[in-house]
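Asks: Here's the letter readout for the chains.
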Amino acid sequence: MIRPQDDIHNATAAADVEEPSSAVLAAPSAVVWKPLNWAKSNLFDSVPNAIMTLLAVLLLWEVVPPLLSWGVFNATWFSADGTAAACRDGTGACWALMGEKNRLMLFGVYPYDQHWRPALATALVIAMLATSALRRFWVPALAYAWLGVVLVVAWLMWGGILGLRYVETPQWGGLPLTLGLALLGIVLAFPLSIVLALGRRSNLPAIRAVCTGYIELVRGVPLVSVLFMASVMFPLFLPEGVTIDKLLRALVGMTLFTAAYLAEAVRGGLQAIPRGQEEAADALGLPYWRKMRLIVLPQALRLVIPPIVNQFISCFKDTSLVTIVGLYDLLAATKASLADPDWRPFFVEGYIAAALVYWVFCFSMSRYSQWLERELATGTRR
Amino acid sequence: MTDDAPVVELIDVQKWYGAFHVLKDVSLSVRKGEKVVVCGPSGSGKSTMIRCVNRLEEHQGGRIIVNGIELADDLKAIEAIRKDVGMVFQSFNLFPHLTVLENLTLAPLWVKHVPKAEAEDLAMQLLQRVRIPDQAKKFPGQLSGGQQQRVAIARALAMKPSIMLFDEPTSALDPEMVKEVLDVMIELAGEGMTMICVTHEMGFARAVADTMVFMAEGRVIETSPPEQFFSDPKSERTRQFLGQIIGH
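Just so you know, the sequences run in chain order A and B.
Okay, so the first sequence: first residue is 0 according to numbering that gives the first Met the number 0, each after it adds one.
Okay, so the second sequence: first residue is 0 according to numbering that gives the first Met the number 0, each after it adds one.
Watch out, some of these pointers could steer you wrong.
To be verified - Footprint (simulated), chain A over chain B, 3 or more residues, beta carbon under 8 angstroms: (1) 83–90; (2) 103–116; (3) 152–159.
Calculated from the structure, these hints are not laboratory results.
Don't be surprised by glycine CBs; every beta carbon is placed ideally from N, CA and C.
Construct the complete structure from the given sequences, taking the supplied hints into account.
Replies: Encoded structure:
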């Protein structure tokens, strides 16, 4: 495995970087057995460390093999007859569940024969998100592309014209609902949060009081109660005969809630901008909104990308709470798909799959924000 | 160089920070093309006074009239005055997220709505004038302090102001960079710009000032031509101050 001739070279180079110790160079035999050497100096260099290492190995030994045998080696991947019989016979995970129930999990109660519509809509949105993420596509045409995609997605989801059957919003569900709520919630909450943050720092007492009051009020209650308010209490105040779509009410609830939290993150950024920046803009005669848009916000928002993305991720996961007002988001749809008595024993696999979908989206946001921070910092740091 | 109409006039200006009376009966009259150098110990209110001229600070009593427009709560009047009054700060206050060129074109583009090509032409001319045209594409953070302050001067000039305010423009600079900034200011003075300059650079004051103003404890103690100011100041307080800063 290790050829002494080659390894001397590598070890020398590595030793230069890792540790200035000349002992490694002085003893050729130690160089040859570098992995052992490494283990000795990193894993067993003291008694407590040796104990920790042994404990860690023991823990891994206890956890990993059973997990692998459950999740991979003994797992049932396919169900030949469309029932859970094969799974009940096996001892491992029942991934056949995904084969049978994936459409229900992904699209909820959307009419079964129309599932291609939400699938296509979701794929379109994800493709657009991926495109928008890249700097080379940050051109005005992107806005028009989004407008087009939004119209197409609305057409696909609702239908009713151009040969598609009408599907009302209570039937929407699964991943498209989660994605749509999160995305629209974020897109609407973000500008609102900027206005709130600016308002909270305004010189005008009335505006400051309204914004501060709003933020403190909304931050003081759980999202669940905001959603309840939006879906149960709010209609009571509407005139007879007027109804507002349940999905829309949930979206408004999510947006208002997220905006309050985002506003505080944005305010943090605003406070970090030196007073002199605004003074310089004032001295040049820039009116308030242009000063904010051109000078203050570009700097402030860049500073608070981490907490903003934090809030976006929160918002994405919080969409799972809309289940309490009777909407079937990804998690609720997963739960519903497990209602089938035949498959019910395999709920763990179902939830793992749902968790994986959430994780993929949240992790992507997290990685993207790190890239964005670096990208936007180019050339501007001292 | 100077004619008689005052372009900046402060009449018995009063200002408080809370209970602290920062400006007491401050009066000052600046004619077109006049160069006024304001000096005084720290905390004497000289920066506050100059910042009142373009309403970065609000005064609570007296009157301030700039180009015939009285400064009050009228936002339009304030914006009109700011368009015509350039300001250079002690700490430069360049916009760090914009390139040097963008710093210069921003206000012409967004306040005066000058076409982009024209704004960039003007910006390049100004950078030439402050002797750093080769830095146009850099960000402020990549320049030295002296270069940044020259960019800041160019940025103010890009609005083609008729009055320039300098608030201790060389105080934050390393000693070897002071001269390059003063040279630009002296050149500007030679072109007939109306200037109000808060500074302790007495060499500069001797070279360009038409009028010296000495402030202490929120009051204008002395206003006199530089020859008299430096050789035979009227007040004892001025004499003390000059002794302190020139003695070193």
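Asks: What hints, given by number in increasing order, does this structure fail?
Replies: none
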